[in-house]
Amino acid sequence: MELLIFLILFPLLIAGLLAVIQAEHVRRAVVISGAVLVGIASLVALAFSVTSQAVFYSVPVNNIGILVFIGDILISGYIIFVSLKARQYVVTGITVIQLILLCAVEYLALTNHAHIPELFSDQLSGIMSAIIGVIGGLICVYALGYMREYHAEHPDRPDTRPRFFGIMFLFLSAMFGIIFSNNLLWLFFFWEITTLCSYLLIRYPNTDEAIKNAFRALLFNLIGGACIPIAFLVILLTGESELIGLHELVSAGPGLALIPAGLIAVAGLAKSAQFPFSSWLVGAMVAPTPVSALLHSSTMVKAGVYIIARFAPVFEGELIGILIALIGGITFLAASAIAISQSNAKKVLAYSTIANLGLIVACCGVGTAEGLWAAILLIIFHAIAKSLLFLSVGTVEHQIHSRNIEDMSGLVTKMPRITMMILIGIAGMFLAPFGMLISKWASLHAFVESVPPFGILLVIIIAYGSGITAFFWAKWMGKLIAVGEPQQKDESHIPGSEKSILYILSALTIVVCFGFPVISWYLIEPWLLTMYQSVTELISLSNIEIMFMMLFLVLIMPFSLARFTRSATRVPRYLCGIPESETMVFTGSCGIKREIELSNYYLDTIFCEKRISRISVGIGIFLIVLILNIIIVGGGL
Amino acid sequence: MNPFLAAALFIILAPVVGVLITGLDRILTARMQGRVGPPVLQPWYDIRKLFQKKQVAVWGAQSFFIFCYLIFIIFTGALFFAGGDILLVIFAFTLGHVFLVLGAYVSYSPYAHIGAERELIQLMAVEPMIIIVAIGLYQVNDSFLVGDMINHPGLPILLLPGVFLGFIYILTFKLRKSPFDLATSHHAHQELVKGSTTEFSGFTLGMIELAHIYELVVMLGFIWLFFGNNLFLSAVAIVVIMVLEILVDNCTSRVRWQDAITSAWFVTLVAGAGNIFALSIM
Amino acid sequence: MSYLQKSPWIIHYDASSCNGCDIEVLACLTPLYDVERFGILNTGNPKHADIFVITGGVNEINREVVKNIYEQMPHPKVVVAVGICACSGGVFKECYNISGGVATVIPVDVYVPGCAARPESIIDGIVQALKILEQKRIALKTTVEGTA
Amino acid sequence: MALTVLKNLVKGPATIRYPYQPAKVTPVTRGHLVVNINNCIFCGLCRAHCPADAIEVSKPDRTWKLHQFQCVICGCCVSYCPKDCLSIEQTYLPPSPAATIVTVTGPDEPEKNEGQEEGINKKL
Amino acid sequence: MKQPEQKIETITVSDLIHQVHVYHDDGYRLVQISCAQEGDAFELTYTFDRDLILSHLRIPADQKTSIPSISRIYLASFVYENEIADLFGIPFSGIAVDYKGTFIRTSVPHPFGTPQITTLKKKQEDQHE
Amino acid sequence: MSKQIIVPFGPQHPVLPEPIHLDLVLEDERVVEAIPSIGYVHRGLEKLVEKRDYKDYVFISERICGICSFIHGATYCQAVEQVMGLEIPRRAEFLRAIWSEYSRMHSHLLWLGCFADAMGYENLFMNCWKVREKILDVLERTTGGRVIQGVNRVGGVSRDMDAAEFRRIETEIPGLRADYTELTRIFDEDLTVQTRTKGVGMLSKDMAWELGAVGPVIRGSGHAVDARMTGYGAYDELDFKPVVRTEGDCHARCLVRAGELFTSLDLIENAIDRIPKGDILIPVKGNPSGEYYAQTEQPRGEVIHYVKANGKKNLVRHRVRTPTLANVPPLVHMLAGCELADVPVIVLTIDPCIGCMER
Ligand code: SF4
Ligand code: SF4
Ligand code: SF4
Ligand code: SF4
Ligand code: SF4
Ligand code: SF4
Ligand code: SF4
Ligand code: SF4
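Chains as they are written, first to last, in the numbering used here: chain W, 1 to 637; chain G, 638 to 919; chain X, 920 to 1067; chain B, 1068 to 1191; chain C, 1192 to 1320; chain E, 1321 to 1679.
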């Protein structure tokens, strides 16, 4: 399977190229062709995974393990260097600890050399690679137009675009590495690359806030990351060195794998921004929007849930799994609640990302086949819909110069197309015929039967969470379509590349919704079959019929629009009898002319950001400590 | 019964049943207030009247969203009576309400806007309990299909007393009855004028009224599920619950949204969640 | 009989009356008179209303308000002026701030005399208004069909 | 409250089913103003004291005019009439689509017969 | 029943603030401010109450010189002052909540301060065009 | 960016029976600013005094407001009588007191109903108004008008009540008392009413005095300010005790009014017991000259009728300082920081009477 090597190395090559290219049009060509090639290759990988069983592949190079180790040392060295420079001594300390642990691991691994294939690919890898390749590629192309405008608007910020695009592609490369690695030492190496890249991308604006938040991201990911070498030590000290292979470890069953899997899952929790680690993701919003889209929809955070999903079969019915699921559940609930109190569009997206990841983590944590089925669907739908949302918000931001949802009032008249796409994205996040809701439905099905009574606990959490989710999404939709004074339609300033990417993503959202049964039959179910041997029919046929009826209804609806708009006569708004002197202006008390101003509710007396995050960080820390305790006790036994 | 036949029957019969129930509700309310009240068919007259009026709107798009609302409420009911997956019924129901809310938002009028926000608060308040109802019924029936639930030979309510209680509590929200008629109410004297429906008139308002009637029937259908295949008992229960709702409507003032949502969530947690949690342990 | 006559919804506005007539309008809704018997509801919202029940002689700043409410009501609609003030300005006819009767601002279809107008008179007035409402609906239908 | 509600339910509605049942009136109810024109001397005192300016009196034409939709039925004129020919009756004026002015012409002074005319002048 | 005579104390405009302060410090409640025309001039009367006994202060006024507002002492006076300003056209200075002539909007400016408007309306005006 | 919602509240608003306007600025549903705007009922009727005979003007003064119609008329007459130095028949003063108390009860019941309605308590509204009809029946039976009584004259009243009528009233009183007890219990004890009124619209004792509140508003904040204590008219002979509560919230003001219903019944019984025989109207000759501030207690609080005359048949100035106007500053104070849902409750709690406020 040279394709795997290609997917890892090709983006690396592009990254190298981009880092040196200064000319903008050349960069453009390289980025577009690189993205297209990566996208095609990833789809080919997907196609392969449909047709074949898991493939294993050993890299035909000797002593490549040493190279990986050297790479690890270089990354750590760089981090130590920048953290010392920025006086972030905690970061330095953790990196040093990590390095020491890693040396020990390497020593053990060398003395006890395992013969396992370094790379492998199965249906899950196929799905992930398609997400990374296609959506990641699209985001990179989108970034071309976006970053030009970004620098035009912020002349004070250093323009290091060659490096920027280099890192973006490096990131893709590392993501492919993570999903194709079978050797966990490799996986860790790519893991650390993503951590480093995210740090670099977040601090891109180079403001004090960006730097601070970049270090926060680095710190949290390193804390999580430090758990992985410990897991390696456990593996290498307790058993056969073959278990350093991902596939081998998962197949070994909970008896041997539970403790390392638990430790690696903690790293996954940090990476996927679960409470108590969530604040790095919110802070990362200072970065340019394509970065947010890349980190929070299809890559970075997905690496976290990917690794947990990989180990999900190990967690089935185990206490550690339940605790992980609870962390996911609490995160889902708390992050959704906080999203209500936010008016910054990117923050809403950030919190809803955290919430959705929480749901995925919860599904993985229960570890049943149904749970995993829901988790994978969630990963797919979330990646598409969220990147669509991030990118369209980025576009809007450049047009109206605000990220505030309140400023998007009546956007439907100003930018009807973009608004339509935001609406599709939002609908995709919570409305009935769209994917996220199918997944939510599936996860309810999954939880209700699993590990009583904890499954029911998760069901209750979802029940509350879905009401909350509906609130903040619906009010945003409402804001977009609430028309005070019709504005001049003006979409011409939007770069073509941005627009076309948005079109592709919205089309994808709809296509995937239509196509989800196909995805389920050809990808998810076969994969689950290999993991769980027996798989029940997860979505019965009648439900698919229903889904289609609903989709049909939604599609047919726009046609009735024309008929209804014509017949009505326009009348002014009801203002208790006070006439509108001009549109939206009335004469109020003291003879003052007032403009009608409407804003959404933020309910911050109930859904107070500080209070909720303080409480849930507390719960999160408690649960993590509990997990680690169980591991220590379990390890000691 | 053939699911398509059942759905068709619902679409045709629900307005009849709904109008009668609403009409009787209005008479009973009037009698409780020491008045005579309107004729039984008054809701029907109202809807027909609204369809006769000339259409006015702030923006034409309003009607579109309300049309979607009506369609999805009807769809929800059809799905329900066809015996579909109850979770999907609930999601379609939510979808319908989101359309209502969007319709209210469109006009950018202060009262409709606040009504829409309150409508969303109500949605948020009842959503957990409705999902818990579905889960509780699943625990009893081992199936999410309404079609299976109505064939339950026993009385699910015996296992789900808390869930039933919680459901009745949030039914007040769904029927837009005092003390939880936050977003819009049947009579005019409220701080929001007509809340979310302020900017609708004529045909559009007629569609809303019709949708409310369908909604009522669906909500009463949920009560049925608590009594399995015992038709007689469920009919009695529906009557008793309706009378109880009307009584509560007449014995309370409207509460603030904070009290509404916290009390609904509290009841959901204690009665609803407690009940299904206990069931899962057993 | 059309449905319009079975379900007349009213909106009430006090265009500078002395309250006497307003409380009688409100009294119509209460148990003793209970106009809901005729399907009459007080909507409080011009966009839902068919009948505009207006009291008082319309003062300077109310002119705009009254017009605004009237315009927001969808056709067919009728105006019932309740009380002597609304009919002609009554004792306040000569006050500097009173325009003198609702008819000076919007067309009135039925006048209900009385100071204060009795609930029974108000009911009679609304019943009369229903006939006019029906005529207007038919007129409206024919003009619409004529133009179409 | 539940008690009150149930009591209402049991006691039945308090509604007077007007117009199927007659309206409440008392002997002193002020309904509308009438004039006995035969006794009127067209002195104009009623006009002068009417707070609503509802009356017009013309001695030469021998007419007594009442703007019915302007009269607030206060009874002020009644107390000033030197001939006690004004009185207030209990029944209410019916609503109408146009303002009503009642013009009553008195009998010619010399004959003093029963020739009384009532002209209702409607205009909008 | 015959009530006791009411005493009205007439003071100068410059004394007003001081006197009102005295009332305020003695725990009086502001009951009202009224205005009436006195020939060509106007008079303002401030009424206070303590233990159910009314006390009145009266100052002369005209439409040119502004009267100092007492709303810094009795906030509630803003309603009366705005009303008098609108109806009589007597200017006040420093009203805490100044409606600037929009408190009571009238068809004619200062109806009580402009003598000619008494005859503005004819008796036999046709109401129903 | 401010998260504000601007709501024009009124003039046409179903919770407001009368037009008044508030510019509400909300954050979520919390009121951050509420500026009232009035003038929607300003007719300018005080100016009519320059055109009408001072005796005929009674009928206009009664139409200042259709709710406290009777007391307005009586207070105007009282002011003119004081200016003219008239000693009116004692029986007339007693009759005025009886009718005043009936007016007060009808007004309070009306208010209790509207107040219930402002909280969305429709049934309670209906019940209050059902009881109120009984009061209106008495008023119509004895005066000829349901809401505008028209029996006040300068120099007395134009109608008398006979002994049969008094007996009838006395037999009706126990029934009314039972009705009042029932209603008061609901307002006092109903849980939902309590959540909507307790602690809402706080007006401290000091603020109430400082802002010049009157009537039930100031009595709900712990001051015994009631013009009836001055003993005008027949009140000096009746056993009157003001109803005072100290909580200063909407609930307290509501209960003050409910309590006054009982006080009124007591006063009526009292007056019927003590009413002297005699004339009800004395002939009035001549024209008044002088000025007078007449102070009486209306349902909404103390009202001041100021009358100034210069010996002609037209008065120079008639001015009414109505209770609602005095209660506007406290209202603005109470509205700050409340919830949108509380706005109608708080607005109604001063029992706004825009008709007389703006005249
Ligand atoms: S919208 Fe504002 S923050 Fe965003 S790029 Fe433009 S100027 Fe910068
Ligand atoms: S801490 Fe205060 S400001 Fe911050 S979210 Fe909570 S309530 Fe709002
Ligand atoms: S007609 Fe009479 S009762 Fe009616 S508003 Fe006018 S003055 Fe008042
Ligand atoms: S009853 Fe009154 S209003 Fe009518 S005419 Fe006589 S004085 Fe004038
Ligand atoms: S006061 Fe009597 S007699 Fe004189 S004009 Fe009038 S009705 Fe005739
Ligand atoms: S007796 Fe009577 S009618 Fe004759 S002049 Fe005197 S007031 Fe006039
Ligand atoms: S206070 Fe109110 S009710 Fe009383 S007389 Fe004045 S306006 Fe009428
Ligand atoms: S306060 Fe209201 S009810 Fe009372 S007199 Fe004034 S306008 Fe009338």
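Hint data in this document are derived by calculation from the structure and do not stem from the laboratory. Treat each hint with caution, since some may be false.
Unchecked claim - Sample of chain B residues at the chain G side, in silico, Cβ under 10 Å: (1) L1076; (2) T1082; (3) R1129.
Claimed, not checked - To give a feel for the contact side, a few chain B residues facing chain E, derived at Cβ under 8 Å: (4) T1071; (5) V1072; (6) T1093; (7) T1096; (8) R1097; (9) G1111; (10) L1112; (11) H1116; (12) C1143; (13) A1165.
Since the model is a prediction, treat every value here as computed from it, not as a measurement. Just so you know, even glycine gets a beta-carbon here, dropped at the ideal spot from N, CA and C.
Review point. If you check each hint against the structure, which ones fail?
Key: 3, 9, 10 and 13
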